[in-house]
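Visitor: Each chain, written out:
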Amino acid sequence: MKNVYINSIASISAQKTLDNTSFLDTIEDYEANVLPVIHPNYKEYIPPAAARRMAKGIKMGVVASKIAIQESGLENVDAIITGTGMGCVRDSEKFVSAIIDNDEQYLTPTSFIQSTHNTVGGQIALELQCKGYNFTYVHASTSFESTLIDAKLQLELDEEKNILIGGVDELGEHTTEIQKLVHLVKAEAVKTSEVLDSKTKGAVFGEGANFFVLSNEKQASTYAEVVAIKTYNTLAETEVVQEAIHFLNGSNLNIEDVDVLILGNNGDVDFDAFYTTLAEGFKNTQQANYKHLCGEFNTASSFGFWLASKVLKTQTLPEVVKANHTDTTSFKTILLYNQYRGENHSFTLLKQC
Amino acid sequence: MDALKQELKENLIEQLNLEDMTIADIADDDMLFGDGLGLDSIDALELIVMLDKSYGIKLTDPKEGRSIFESINTMAAYITENRSK
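Listed in order, the protein sequences are those of chains L and Y.
Under our numbering, the first residue of the first sequence is numbered 591, with each subsequent residue one higher.
Under our numbering, the first residue of the second sequence is numbered 2, with each subsequent residue one higher.
Derived from the structure by calculation, the hints contain no laboratory data.
Note that the Cβ used here is the ideal one computed from N, Cα and C, for glycine as well.
Fair warning: there could be bad hints in the mix.
So, partial list: chain L residues that the calculated Cβ filter (under 8 Å) puts toward chain Y [stated by the list, open to error]:
hint	residue
1	ARG642
2	LYS646
3	THR700
Produce the complete structure using the sequences and hints provided.
Guide: This is how it looks when you write it as structure tokens:
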């Protein structure tokens with residue numbers, strides 16, 4: 591079986607991550623309960639004729655994928671695998687609103703066509719003229735991890751050489767209002783630096799697009815190797831540490847071998863216990879968080895994957911993501927753990943190349 | 002007629018998300034499809050719905066659209082003759 595490498599990365603988030611030459615050097619400090627992304631100049635990347643029907647989620651996905659492919663040095667990829675929890679929610683809102691507002695009359699095609707979950711993957715393929723395997727996973731907060739599993743299997747078996755994977759979700763105005771009503775979004779605006787310790791219900795929501803070119807050939811631009819990935823629909827809080835150890839053992843590793851544990855906690859008082867329990871099990875390990883920077887969304891873990899890739903390549907861990915302080919200076923192995931509201935857990939293991 | 006043409010241009014820009022265009026960029030006799038504004042078959046569907054919703058005109062024969070949607074001039078002429086609202 592072949593190894594799987596992360597050969598390029600691209601991130602559009604609420605932070606200045608589009609410029610891959612910096613690494614969270616300056617932080618956008620928000621005081622909000624919803625964090626929109628910092629939009630790139632889409633016109634630099636997408637022809638106006640193509641862009642006019644694209645909602646921002648599609649634009650984010652297309653731009654992030656183009657940047658990732660450019661960095662990989664490839665002209666095209668063999669396959670495109672996209673993960674999204676909510677899909678093109680803005681066009682869905684537009685279409686459903688039109689049904690209601692016009693009493694089920696005068697329905698136009700554009701927003702309906704663009705509202706499907708696989709629109710982003712489809713538009714990326716159209717832009718790249720990629721006629722290979724194209725799949726979209728809609729698995730709530732393991733949507734991105736599902737793309738990773740699929741790509742890893744195909745690359746290990748050498749069915750494909752280079753695969754573009756990504757996680758993308760956009761904020762929709764109406765959907766966010768509903769999420770506020772059911773207290774998934776925090777009721778109060780919270781400062782970025784205080785989100786993770788806010789100890790109130792719900793999360794600060796966000797959006798973003800994080801894309802990667804995975805390959806079974808290592809190259810100069812390679813960030814890290816994807817060693818293992820596992821998802822769980824349900825996992826009890828009491829089992830998290832044991833399951834993490836079991837997961838590491840599967841790669842002949844133990845807790846002591848992990849240089850950084852990246853946790854997906856979001857400051858939700860009802861569900862952060864999963865993370866604090868795991869953090870306690872890894873109390874001597876350097877720990878890091880990221881959702882205070884990008885917000886919570888179904889594919890927010892792809893931002894964590896971006897963070898881990900950058901740490902392994904640059905061998906630096908920005909202060910703003912540090913959850914504790916150890917004397918770790920060399921980063922060889924990173925374990926990521928994510929879950930949302932006690933469901934859809936995932937462990938991902940990356941190592942330095 | 003001039004007011005209608007102005008209104009059609011505004012609707013076209015809004016309904017078809019022609020973000021980079023202004024009313025001044027669309028001449029009354031510009032071809033809307035093909036080499037002109039470059040509209041496509043999805044836009045044609047949007048225009049058919051716009052005729053129905055805004056002017057009460059139902060196009061039963063899609064082939065009619067080819068001549069009606071040729072330019073702002075042809076659209077305005079057809080609407081003026083057939084509108085029910």
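Visitor: So, for every hint listed, does it hold in this structure?
Guide: Hint check results:
no., hint, verdict
1, ARG642, "holds (4 Å)"
2, LYS646, "violated (13 Å)"
3, THR700, "holds (6 Å)"
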